[in-house]
Amino acid sequence: SRAERLKPLVQLSVATLSPSKIFMLEQKGCGTDEHHYTELLIMIPDNGTASFGEMDALLEIAVRKDRHVVCSLHNQGSVIQALRKGHLFYTLHCRLENIIYDDERTSYPVATTEVLETLRHSCREKFFRLFEKPRHFYETALVLRQRQDTGITAFLLHQAAELAYRAVLQSLTGQDKKTHEIRMLKKHACRCAPQMSAVFPEDTGEDKRFLHWLDRAYLASRYEEQYPVTNNDLALLFEKVKLLHQAAREAVESTLGQL
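Position one of the sequence shown corresponds to residue 284 (my numbering), numbered consecutively onward.
Hint data in this document are derived by calculation from the structure and do not stem from the laboratory.
Computed from a prediction, not measured in an experiment: that's the story for all the values here.
Mixed in with the good hints there might be a few duds.
[Stated by the list, open to error] The calculated PhoX-like cross-link candidates involving lysine-lysine, where the alpha carbons are at most 20 Å apart (straight line), are:
1) 523 - 368
2) 470 - 491
3) 409 - 461
4) 523 - 491
5) 368 - 416
6) 409 - 368
7) 416 - 491
8) 460 - 409
9) 460 - 470
10) 461 - 416
11) 416 - 460
[Stated by the list, open to error] Here are the computed distance ranges between Cβ atoms for each label pair:
12) 412 - 299: 39 to 45 Å
13) 536 - 355: 23 to 29 Å
14) 355 - 380: 39 to 45 Å
15) 422 - 488: 31 to 37 Å
16) 412 - 389: 34 to 40 Å
Built from N, CA and C at the ideal position, the CB exists for glycine as well.
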């Protein structure tokens, strides 16, 4: 039924973008948004004439009225190469059961049982290797907390959060978003780890204040004399980072379980 409601958008995409395939994914909402949203992965052949920037602008206009629909463009040649190498995101989603448009000109590689097992092992190993750093930052913050050095403790917890997001993004999507803003990392992780987005909501003024305070911790806690850190904020941050780490582990295991 969802595919039927999106039929006008699919027809517009086919007429204007000439894609080879369109895959439809049902994704869980982020944060307190309980609505599921739909993502269309639009595969563009290598001989496309329009730039991705021009096509992105068109899609942004097309989906503007429905905030629960997201479209993303993907170069077909790069996707096929990634599938052959065993790319987790494309292997997980570029499946026959997810196709809602197909020009039937190109067949995509299908991962064998051996490839899937290798992919599970490599992604899990990569995550836990990268997750060592945020875990150590959190443990160090626990020790430093006893010395009442709240500024540096806030910085350590910021790093424990930032690097947890990046560990998940690198292991599940192959992308490393080099930003220190938790707000931006949360946005990138929404697709592959919605559990993590719920830890730092932005629904109220207090939520936004807290997230802004946390993002400032990366620099301000070390260099500004008047960076405010209250015991309540610090206690809440310890709790949230602990939940974030748990959500990160759950997101990885849940995703790998779908292979």
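Verification of the supplied hints:
Distance check on the hinted pair: residue 523 and residue 368 sit about 36 Å apart at the alpha-carbon level, beyond 20 Å; violated. In summary, the hint linking residue 470 to residue 491 is supported, as the alpha carbons are separated by about 14 Å, within the 20 Å threshold. Taken as a hint, the residue 409 and residue 461 pair is honoured in the structure, with Cα atoms around 17 Å apart against an allowance of 20 Å. Proximity of residue 523 to residue 491 is assessed by CA-CA distance (about 14 Å); at most 20 Å being required, the pair is judged to hold.
Under the criterion of a C-alpha separation no larger than 20 Å, the hint pairing residue 368 with residue 416 is inconsistent with the structure, at around 27 Å. Pair hint residue 409 plus residue 368 holds up; C-alpha atoms about 16 Å apart against a cutoff of 20 Å. Between residue 416 and residue 491 the CA atoms are separated by roughly 26 Å; this puts the pair beyond 20 Å, and the hint is violated. For the given pair, residue 460 sits about 16 Å from residue 409 by alpha-carbon distance, which is consistent with the 20 Å threshold.
For the hint pairing residue 460 with residue 470, the CA-to-CA distance comes to about 11 Å; that is within 20 Å, so the pair holds. With a C-alpha separation of about 15 Å, the suggested pairing of residue 461 with residue 416 holds against the 20 Å cut-off. Between the alpha carbons of residue 416 and residue 460 the distance comes to roughly 16 Å, so the proposed pair stays at or under 20 Å and holds. Evaluation of the 39 to 45 Å hint for residue 412 and residue 299 yields a pass: the beta carbon distance comes to about 43 Å.
The supplied range of 23 to 29 Å is met by residue 536 and residue 355, whose beta-carbon atoms lie about 25 Å from each other. Take residue 355 and residue 380: their Cβ atoms lie about 19 Å apart, and the range 39 to 45 Å is violated. Under the hint 31 to 37 Å, the C-beta atoms of residue 422 and residue 488, about 32 Å apart, fit the expected range. Checking the proposed 34 to 40 Å range against residue 412 and residue 389 shows it holds: the Cβ atoms sit about 35 Å from each other.
In summary, the numbered hints that this structure violates are 1, 5, 7 and 14.
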